[in-house]
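A.B. asks: For the sequence shown, the positions run 1 to 354 when the numbering used here is used.
One or more of the hints may lead you astray.
Unchecked claim - BS3-like, lysine-lysine: derived pairs with alpha carbons at most 25 Å apart: (1) Lys267 with Lys329; (2) Lys250 with Lys271; (3) Lys101 with Lys156; (4) Lys191 with Lys156; (5) Lys125 with Lys271; (6) Lys75 with Lys145; (7) Lys284 with Lys250; (8) Lys126 with Lys101; (9) Lys191 with Lys271; (10) Lys191 with Lys17; (11) Lys156 with Lys267; (12) Lys267 with Lys126; (13) Lys310 with Lys332; (14) Lys345 with Lys329; (15) Lys250 with Lys214; (16) Lys125 with Lys345; (17) Lys329 with Lys271; (18) Lys284 with Lys267; (19) Lys156 with Lys332; (20) Lys284 with Lys271; (21) Lys125 with Lys276.
Keep in mind the hints are simulated off the structure, nothing from the lab.
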Amino acid sequence: NNALNRTFSDELYLNPKYVFSTFVVGKNNHFAHAACLAVAETPPGTAYNPLFINGGAGLGKTHLMHAIGHHILRKTPTTKVLYVSSEMFTNELIRAIRENKTADFRRKYRNIDVLLIDDIQFIEKKESVQEEIFHTFNTLYEASKQIILSSDRPPKAITTLEERLRSRFEWGLIADIQPPDYETRVAILLKKAELEDIKITDEFMDVISIIAEKIQYNIRELEGAFIRVVAYASLTGQAITTDLAKEVLKDVFAINKKEITPDLIKKHVSKHFNIKPSDMESSKRARTYSFPRQIAMYMCRNMTDLSLPKIGEAFGNRDHTTVLHACDKIEKEVRSNEALNEVIKHLEEVIKGE
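Between the sequences and the hints, there should be enough to build the whole structure, so can you do that?
C.D. replies: As C-alpha cells, this is what we get:
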C-alpha cells in the first residue's frame, strides 16, 4: 500500500505553474480550454470521456493537462490522479516486464480515478504498449474513471495506431488547439510580464509586439524568446528596448523568417510516410512512393509561390502536367477523406513551426 500511496503524491509530475489561471485563452484554444475546465469541474468520467486534446508542439496541451490535475486535486484531494507522458508509461512498462512486476504496474494504472497521458502519438509503433493502453483504457472506462489524452494530431491522423485504440480515443470529445493569433500572442506575453512583475511601458509594449509578430506558431518559443530578452536586460543592467530585443533574438528571428521550400516539404512528408526524401525525386511508381510524392507536390503548390514547372523540377524534373494532375487528385481526395485532410493539416503545422 505504501508503494501505491507514493505513486499518487511523490510521483505526480504536475508543474505548479501550469494551472488554469496562468493559461491565456484565445480564439485558437477556447474550445479546448472550456472542455478541460468542464472535465476538471465534474466528477471523473461524467463530462467527456475520454477527452482527447490535440495540437502542434508548444501550443499548451501539457499546460491544460496539468491544470486539470491541479484543479481536481484542489477540489477533492482524495481523488487518485495520475499524469504521465507516453514515454514514461512505456519505460515503466518495459521495466515491469523485465522485473516480472506487470501485476504491480497494472494495479497502479488501473486503480485510479483520473489518468492523463501526454503525447500519446509516441505509442503508434509500439505493439505491447498499445496492448497495455487498450486494456487499461477499457478497465478505467468501464469503471467510469476519467481518461485524458493529448497528441500532436487527432486520432485519425496517427496512421499506425491500432484501429481498436483509434476508435476508443474518438468515443468522447476531441478538442483541437490551433496556433495563437497575434492578439493572443500579445496577451500571452503580457501575462508572462505580469507573472514576472515587469512594469509595462510603451517601449516594453513595442518589444512585446515585435516578439509576437515574429514568433507565430509555438508558444514555448514565444515565451522562451521573451524570457531571454528580460534575462539579458537584467543581467547586463540595460533597459528593455526594441533594439536590445532585436539584438538578443537575431538568431530566433532569422529562423522564423525561414522560407518554406520544396526540400523542407519533401523532408517532412517523406519522414511521415517512412520513405527517403530522394524517393520523392525517383521514378518509383508504387503507391508507397507516388502517394507521398503527390501530397508533397500538392503542399508545394499551397505553401510556396512556385510555378507548376518549378515544382516539377524539384521532384526529379517532372512535367508541369504531372504536378497539376497530382494537385487535382489530392485536392479531390482531401474533400472526401477526413484522415488525409488531418495528416496534411498536421504536416503544414509542423513545416510552418520548424
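A.B. asks: None of the hints should be skipped; say for each whether it holds.
C.D. replies: Consistency of the hints with the structure:
1. Lys267 with Lys329: 21 Å, holds
2. Lys250 with Lys271: 29 Å, violated
3. Lys101 with Lys156: 33 Å, violated
4. Lys191 with Lys156: 34 Å, violated
5. Lys125 with Lys271: 14 Å, holds
6. Lys75 with Lys145: 17 Å, holds
7. Lys284 with Lys250: 42 Å, violated
8. Lys126 with Lys101: Satisfied, since the Cα-Cα distance of roughly 19 Å is no more than 25 Å.
9. Lys191 with Lys271: 37 Å, violated
10. Lys191 with Lys17: 12 Å, holds
11. Lys156 with Lys267: Roughly 22 Å separates the two Cα atoms, so the pair holds.
12. Lys267 with Lys126: At roughly 24 Å apart (the allowed maximum being 25 Å), Lys126 and Lys267 satisfy the hint.
13. Lys310 with Lys332: The given pair, whose Cα atoms are some 23 Å apart, holds under the 25 Å limit.
14. Lys345 with Lys329: Since the Cα atoms of Lys345 and Lys329 sit roughly 17 Å apart, the hinted pair holds (cutoff 25 Å).
15. Lys250 with Lys214: 11 Å, holds
16. Lys125 with Lys345: 21 Å, holds
17. Lys329 with Lys271: 21 Å, holds
18. Lys284 with Lys267: Holds, because 17 Å separates the two Cα atoms, which is no more than 25 Å.
19. Lys156 with Lys332: 18 Å, holds
20. Lys284 with Lys271: Judged against 25 Å, a Cα distance of about 17 Å means the pair holds.
21. Lys125 with Lys276: 19 Å, holds
Violated hints, in rising order: 2, 3, 4, 7, 9; the structure is consistent with all others.
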